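There are 2 protein chains.
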Amino acid sequence: MSSKPLDYENLNENVKKCQYAVRGELYLRASQLQKEGKKIIFTNVGNPHALGQKPLTFPRQVIALCQAPFLLDDPNVGLLFPADAIARAKHYLSLNSGGLGAYSDSRGIPGVRKEIADFIERRDGYPSDPELIFLTDGASKGIMQILHTIIRGPNDGVLVPVPQYPLYSATISLYGGSLVPYYLEEAADWGLDINDLRQCIGQARQNGVTVRAMVIINPGNPTGQCLTEANVKQILQFCHQENLVLLGDEVYQQNIYQDEHPFISARKVLMDMGPPITKELQLVSFHTVSKGYWGECGQRGGYFEMTNIPPKSVEEIYKVASISLSPNVPAQIFLGLMANPPKPGDISYDQFVRESKGILESLRRRAHLMTDGFNSCRNVVCNFTEGAMYSFPQIQLPRGVIDAAKKLGKTPDVFYCIKLLEATGISTVPGSGFGQKEGVLFEMSQRSHIQLIKESKLNINQVWTNTVERGPR
Amino acid sequence: MSSKPLDYENLNENVKKCQYAVRGELYLRASQLQKEGKKIIFTNVGNPHALGQKPLTFPRQVIALCQAPFLLDDPNVGLLFPADAIARAKHYLSLNSGGLGAYSDSRGIPGVRKEIADFIERRDGYPSDPELIFLTDGASKGIMQILHTIIRGPNDGVLVPVPQYPLYSATISLYGGSLVPYYLEEAADWGLDINDLRQCIGQARQNGVTVRAMVIINPGNPTGQCLTEANVKQILQFCHQENLVLLGDEVYQQNIYQDEHPFISARKVLMDMGPPITKELQLVSFHTVSKGYWGECGQRGGYFEMTNIPPKSVEEIYKVASISLSPNVPAQIFLGLMANPPKPGDISYDQFVRESKGILESLRRRAHLMTDGFNSCRNVVCNFTEGAMYSFPQIQLPRGVIDAAKKLGKTPDVFYCIKLLEATGISTVPGSGFGQKEGVLFEMSQRSHIQLIKESKLNINQVWTNTVERGPR
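Line by line, the protein sequences are chains X and U.
full-length UniProt numbering puts the first residue of the first sequence at 1, with every later residue one more than the last.
full-length UniProt numbering puts the first residue of the second sequence at 1, with every later residue one more than the last.
Source of the hints: derived by calculation from the structure; they are not laboratory data.
Treat the hints loosely; a few may be bogus.
Pairs involving identical chains hold if they fit within one copy or between any two copies, as the list cannot separate such chains.
[What the hints assert, rightly or not] 20 Å max Cα-Cα, derived PhoX-like pairs, lysine-lysine: (1) Lys-279 - Lys-233; (2) Lys-114 - Lys-233; (3) Lys-312 - Lys-16; (4) Lys-114 - Lys-54; (5) Lys-4 - Lys-90; (6) Lys-16 - Lys-319; (7) Lys-268 - Lys-233; (8) Lys-357 - Lys-407; (9) Lys-4 - Lys-312; (10) Lys-39 - Lys-343.
Note that the structure is a prediction, hence the values are computed from the model and not measured.
Please put together the full structure from these sequences, using the hints given.
What follows is the structure in structure tokens.
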């Protein structure tokens, strides 16, 4: 029998090549252990509701009413839903003919895109055009679509920060392009050095790669740093000089745990700079309902906003979006609610503020506790988690562990994380999964605020684990 | 200023090449007219809720409770929700830790995949393995993923029926493969002739194309025919002989409007045939909540089931699915409800049956009315719509119309459809958008049961349009 089209050896090579560590070997092993009845704490992705974070009440009330519009005619509806949730549900139902069961425009519901444009304008102080905002099934799908639009072949390169969220490396592989890594400096609080960037791009070009785009993740995933305005400005100038599109992954913009480096969007800095760069630099910015104090990962809602992308290219992006008809409509409503939350004076305002502040304060507390905890451990150092949802400690392993790992043909960090998983049920992502520098074998990531490894010898501080199990607020 | 990475001329050529007529020139013109205040009836996609079809009550009650789980603790919940909806919501909430706000496994919630496997077993009489069922954000996304896995480069070909749903041609372009069309015979009720298939594949091979997969759409989109068991068997044998993966697009399996040709799944026929083919032929089958009597297009829920795909390939497909983390969770619940609807004795059973039967009967009535109506028109013929949601009439245009179209550089059917749109507000898809044969310029599609063109001179039967506006049930 000859081999068949969907036999492994006959699959698209790009599919086989791509790696996705966040749900890679460690995750598969963790899932296996879970199946066998072991209690697993999954810290390999930022999935706050899975770890006990409660959803915000008001948005869930609105979406429940949108899903069950017949309740709006029920005389008892006021017993279960406040008047402002009812009004808001009617508002969203009026925006998409046929409600949540109908495909929307492939770019998303125009009225929701308008709410997002208004949110961006309030945030940045510059008007935003709803026609240049496309809604997607989570930010990942938008990032994948834009990368697919950019990558023409194996010699097209994309600058990606390392340590990086592996969505980027996986997607670049999947679409057959070249990853051009630039390294964030752990010793400099995961800072980005423009001279290093120049070196990376020069070297890539020497290797025949046409570098066409640069990715920044701000706040950083998995490294947690917040870029300063000066740094963003440097990056924009660099992209302008080098003729790169900038992809600004800003999905953690609400997750800020200090006051020194507030979030500033790439788009605002670009607008502040003035012409010619303001009118020339091509920028695509991404945001989501999965992070922030929302954590609505399972709803799969995201958007991207395009700046200085010519109308003909926007049309092409629209055409490709239309092949899969429309992003899911319920998550579009969440995006509208995120952009346009309850206002002072609304019935649900106080509760909404109380809930969202509670979540953010808890995340901030845990950012401090995690970093302090790591740094109080022997052989562990960790930069302070300024934003996002992850800590990325450096753990110095004893020689014996490294040798044991090598004997099994595993990198030491993967070996360590598997041991950690088996001993404690905590599922993490090893630093090498984020592409951490070769030769820096002593690093591993700890993608979570939730647990603390007290010592490098796999002991877990039970107090911390208990804190987790009580839930984040 | 040199040209920039996201300028049109620098985009990925595959992105530029792909065409998607369902939301192409006609749709864009219709959207423009709508913006200008004209009332438009969009019949270019099967989007039943947008045309007034009401959602089924029970599933919407369940999903509303899943979105607002705090209602489950409210003493008044029983005033708005029946007990079986409450029980079912608790069931689904127990299946995904963190509820609808948490990412699920990238293949979908295991418990829901089990419900789907049970549904398939009841339907086909053969057990189904939940580990080989992957949930997706609508069937389109699954189809795209499988095609991406198959297509390795420009010489990999996929057999696609013509007239076809342009998802296939667009996706094959997007991933840089070759479309190998096979024609359905309008004169033979859109039948599929195996000898023609052999000729198509032979010719493609002569042109250096490695044909690796075949698509069937059953019931047909946009042609409405239901394949007979004998025909499906022939197709399976053909794929086996020619070493092709079969992609079975069966999203309209619940939309059957006659009793002579009931739906039979490719998987059931394959299992009935016995070894060796039962154990060898690679098959991927697709289904959705967007069609049937559900019509929940906006929720974006679909699944695919893999048969005879080796575990190593399944792992690769899992890996790629994991890059975008998980399909949206609310639509996964809808898939569970579709697979496991209320049973006799349940509180909501009678209402569910009444609603779903009402929708199906209305669709069946309209299938007859549409076809009869078309065939009563001068210069129009139309095969009976046995299933799915579309009628595909052949309209003979006067010479003058054809000449007028040519003068404007448009194909006659596009010209006709634009005139139809401008005169009546009805947005259709021209037959050429489905790849209808070159030289058969007098055909156009009418993707809808909703309106009737009384004559070929753009008159609309107002009775029909009014029927629409009253809603489908």
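Against the structure, the hints:
1. Proximity of Lys-279 and Lys-233 under a CA criterion of 20 Å is satisfied intra-copy only: 15 Å inside one chain copy versus 60 Å between copies.
2. Taking CA atoms no more than 20 Å apart as the test, Lys-114 paired with Lys-233 passes in neither setting, with 28 Å inside one copy and 52 Å between copies.
3. For a Cα distance limit of 20 Å, the shortest separation of Lys-312 from Lys-16 across copies, 10 Å, qualifies, whereas the shortest one inside one copy, 33 Å, does not.
4. For the identical chains of this complex, Lys-114 and Lys-54 are neighbours neither inside a copy (28 Å) nor across copies (27 Å), given an alpha-carbon limit of 20 Å.
5. Neither within a single protomer nor between protomers do Lys-4 and Lys-90 lie at most 20 Å apart by alpha-carbon distance, with minima of 53 Å and 43 Å respectively.
6. In this homomeric assembly, Lys-16 and Lys-319 come within 20 Å of each other (Cα to Cα) only across copies, at 9 Å, whereas the closest approach inside a single copy is 28 Å.
7. Taking the shortest alpha-carbon separations for Lys-268 and Lys-233, only the intra-copy value of 10 Å comes in at or below 20 Å, while the best inter-copy value is 61 Å.
8. Taking the shortest alpha-carbon separations for Lys-357 and Lys-407, neither the intra-copy value of 49 Å nor the inter-copy value of 64 Å comes in at or below 20 Å.
9. For a Cα distance limit of 20 Å, the shortest separation of Lys-4 from Lys-312 across copies, 13 Å, qualifies, whereas the shortest one inside one copy, 41 Å, does not.
10. Taking CA atoms no more than 20 Å apart as the test, Lys-39 paired with Lys-343 passes in neither setting, with 41 Å inside one copy and 34 Å between copies.
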